[in-house]
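Residue numbers (the numbering used here), protein chains in the order written: chain A, 118 to 346; chain B, 14 to 246; chain C, 43 to 266.
Derived by calculation from the structure, the hints in this document are not laboratory data. Values in this document were obtained by computation on a predicted structure and should not be read as measured data. Hints are supplied without guarantee of correctness; some may be wrong.
To be verified - If you want a taste of the chain C side facing chain B, the calculated C-beta under 7 Å gives, among others:
1. Val51
2. Lys55
3. Val57
4. Arg62
5. Thr63
6. Gln121
7. Asn122
8. Asp123
9. Cys124
10. Tyr126
11. Gly127
12. Leu130
13. Cys131
14. Pro132
15. Ser136
16. Val266
Note that the Cβ used here is the ideal one computed from N, Cα and C, for glycine as well.
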Amino acid sequence: MAKNRENPGLDRLLAWLTFFSLLAALYLALVYAPTEKTMGDVQRIFYFHVASAWIGMFAFLVVFVASIAYLASKDTKWDIYAYTSAEIGVIFTTVVLVTGPIWAYPIWHTWWSWDPRLTTTLIMWFLYLAYGKIRSSLGEEEKRARLAAVFGIISFVDVPIVFMSIRWWKTLHPAPVVGGSQGLALAGGMIPAFFVSLFAFTLLYLFFMRRSVRIERMRAEVRAIKENL
Amino acid sequence: MIVAKGLTKQIGSKRILKGIDLEIEAGDFVTCFGPNGAGKSTTLKILALLSKASSGQLFIDGMDVSKHGDELRKKVGVISHNTFLYDNLTAQENLVFYGKMYEVPHLEKRVEELLEDVGLTYAAADTVRTFSRGMQQRLAIARSLVHDPPILLMDEPYTGLDEMAKGILNSVLKQLSLSKHTVFLITHDFDQGLEQSDQTVILVGGRIVHRCDPKGIGREEFRQLYLKCVEGA
Amino acid sequence: MNFASKVQVLLWKEVKSELRTKEMLSAMLVFALLVAVSFGFALEIARDEVTKILPGVIWVTLTFAGILGLNRSFVAERQNDCIYGLMLCPVDRSAIYVAKTLMNLLLMAIVELIAIPMFFIMFNYPLPASLGMLILVLFLGTYSFMVIGTFLSALAASTRISEILLPILMIPMIVPVLICAVQVTGGIFSGDLSGISLYLKLLITFGAIYSGLPFILFDYLLEV
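Model the full assembly from the supplied sequences, consistent with the hints where possible.
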């Protein structure tokens with residue numbers, strides 16, 4: 118039953134493409150891109166930091182869409198997409214939360230600030246940890262998928278609410294830390310580094326997705342075989 | 014009264030029901046046997062409008078359940094091995110609560126009658142928490158009858174009952190079949206239900222594998238028949 | 043009979059049952075008072091510092107007292123499978139949610155009525171001039187976190203680890219409500235009401251969004 122879904126050629130191609138684009142991204146970010154004038158070399162973390170943030174956010178969008186699709190269709194396929202995407206999203210968001218302070222300390226002279234973007238990312242991370250917790254606390258396949266989908270929907274709706282509330286909260290306060298919300302003014306050599314990083318991370322996401330979805334499918338098949346024994 | 018055509022139920026990747034066809038006339042008493050996991054409770058939940066079938070059609074009293082849900086809920090009473098009773102409310106309060114939910118007219122009198130029928134008048138003001146299992150199940154019978162439903166669905170109502178409670182349940186069942194209620198009973202127990210049944214169905218692996226009129230079939234004979242069905246499937 | 047009268051019947055059942063045991067109310071109330079007392083002697087500080095700290099202390103206490111109550115909110119429905127009994131009744135399933143929410147709001151109102159004065163006593167802090175505003179923000183904040191909290195407690199109650207799960211689900215979800223409620227309460231305490239109207243509007247917005255979501259999704263929680 119799994120044979121027609123698998124496409125080992127495409128998987129191999131995706132794996133190599135991901136590998137080389139990550140190498141290219143590393144080269145562009147660490148060597149090719151010019152050193153930022155005021156921040157110095159530590160700014161180079163930005164390329165991977167922002168790429169992870171975008172992909173993390175995208176992964177949670179996939180959870181949201183797949184959750185709606187699951188509740189509408191009750192097709193287990195969507196549950197697997199939602200679950201794997203949430204897992205990968207948490208990993209990328211963890212990367213964001215670790216690289217952020219590494220950059221922030223030398224620049225802002227503080228590890229953490231209650232900046233809207235930082236706080237929202239942190240809360241989002243907690244929300245999707247909770248999403249995983251719902252799943253791990255339920256044994257029955259259908260119930261787990263259904264409850265997780267409900268939470269997958271409300272947690273994503275919550276993200277913009279958190280962001281707005283914190284932005285209003287912060288803009289009314291005197292800004293404790295300067296520089297948090299400077300735009301992305303990128304110098305010439307930085308642009309390819311940024312976009313190649315983003316491209317590489319997107320491929321990495323797709324690669325992880327395909328892998329995990331396949332593992333989950335195999336798990337479901339093993340379970341089905343066990344039940345029929 | 015109840016017409017089911019090709020009911021299926023898919024839960025996750027499991028196919029619990031694989032096409033159930035049922036036709037139950039008004040006033041019929043139908044008993045359903047089957048091994049664990051055969052889909053008996055799932056069938057009952059669909060008939061009770063608790064759960065929706067994944068495919069197939071279900072008509073109760075000539076009405077499609079997907080269109081007349083609330084109207085049909087009033088025609089169905091359910092007795093399960095769980096009582097659906099609130100431990101912190103008294104016997105009387107439980108019945109009044111469910112009665113109000115079903116918009117029962119002249120509720121106070123109805124509740125009094127019911128308590129008397131199941132022999133719990135003396136305990137009307139006691140909280141359910143203090144009841145024995147037998148008393149709770151008797152009250153659960155009263156609860157399921159509070160809105161006087163023409164259809165009664167029972168999911169292993171004998172579980173955990175002592176002889177006295179079994180006696181009361183049996184006499185209630187007899188009364189119901191005499192008063193032309195439609196009954197659908199799930200049980201494991203060949204001693205119960207066979208006598209009153211107009212129809213028995215044996216459910217194995219999500220399919221009805223056998224149906225017959227048990228009248229004239231002895232208990233031992235039926236047991237052999239059942240075992241053959243289960244092994245054959 | 044319409045939706046509202048069914049909600050009334052359900053609420054009557056909740057109140058009757060709670061009056062008999064006083065399980066939830068006593069736990070919430072004792073917890074809130076204990077926290078008020080604990081902070082009272084743990085933070086012996088000057089009045090202008092109290093102004094800064096007290097709003098946060100009050101709202102965190104209310105949140106946790108609320109979670110304590112919410113943990114028990116659906117327990118009775120799981121005993122004896124009562125939830126199936128309710129689902130058999132000819133009533134829209136969201137009526138169950140509405141009645142639970144009203145009950146939880148009622149409990150919180152009683153808790154706040156007793157615990158909030160205790161905070162002023164324990165911190166030796168004068169009642170703010172704009173008492174009406176304080177009541178308004180208490181209502182709006184409590185409403186917002188209870189509507190989503192009741193929904194999440196129904197979700198958590200279907201799992202094996204509901205009491206651990208509920209705070210994990212709920213706290214990240216209600217951060218915006220907490221921020222706004224603390225800001226408004228802070229404004230009321232310091233007597234500076236200029237900045238609070240935006241937060242009040244936000245609280246109303248969150249209340250509306252958090253009331254809408256459960257109506258769309260509650261049926262999925264109760265599927266069999």
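Structure-based check of all given hints:
no.: 1; hint: Val51; result: 4 Å, holds
no.: 2; hint: Lys55; result: 5 Å, holds
no.: 3; hint: Val57; result: 11 Å, violated
no.: 4; hint: Arg62; result: 5 Å, holds
no.: 5; hint: Thr63; result: 5 Å, holds
no.: 6; hint: Gln121; result: 6 Å, holds
no.: 7; hint: Asn122; result: 5 Å, holds
no.: 8; hint: Asp123; result: 4 Å, holds
no.: 9; hint: Cys124; result: 5 Å, holds
no.: 10; hint: Tyr126; result: 6 Å, holds
no.: 11; hint: Gly127; result: 3 Å, holds
no.: 12; hint: Leu130; result: 6 Å, holds
no.: 13; hint: Cys131; result: 4 Å, holds
no.: 14; hint: Pro132; result: 4 Å, holds
no.: 15; hint: Ser136; result: 13 Å, violated
no.: 16; hint: Val266; result: 4 Å, holds
In summary, the numbered hints that this structure violates are 3, 15.
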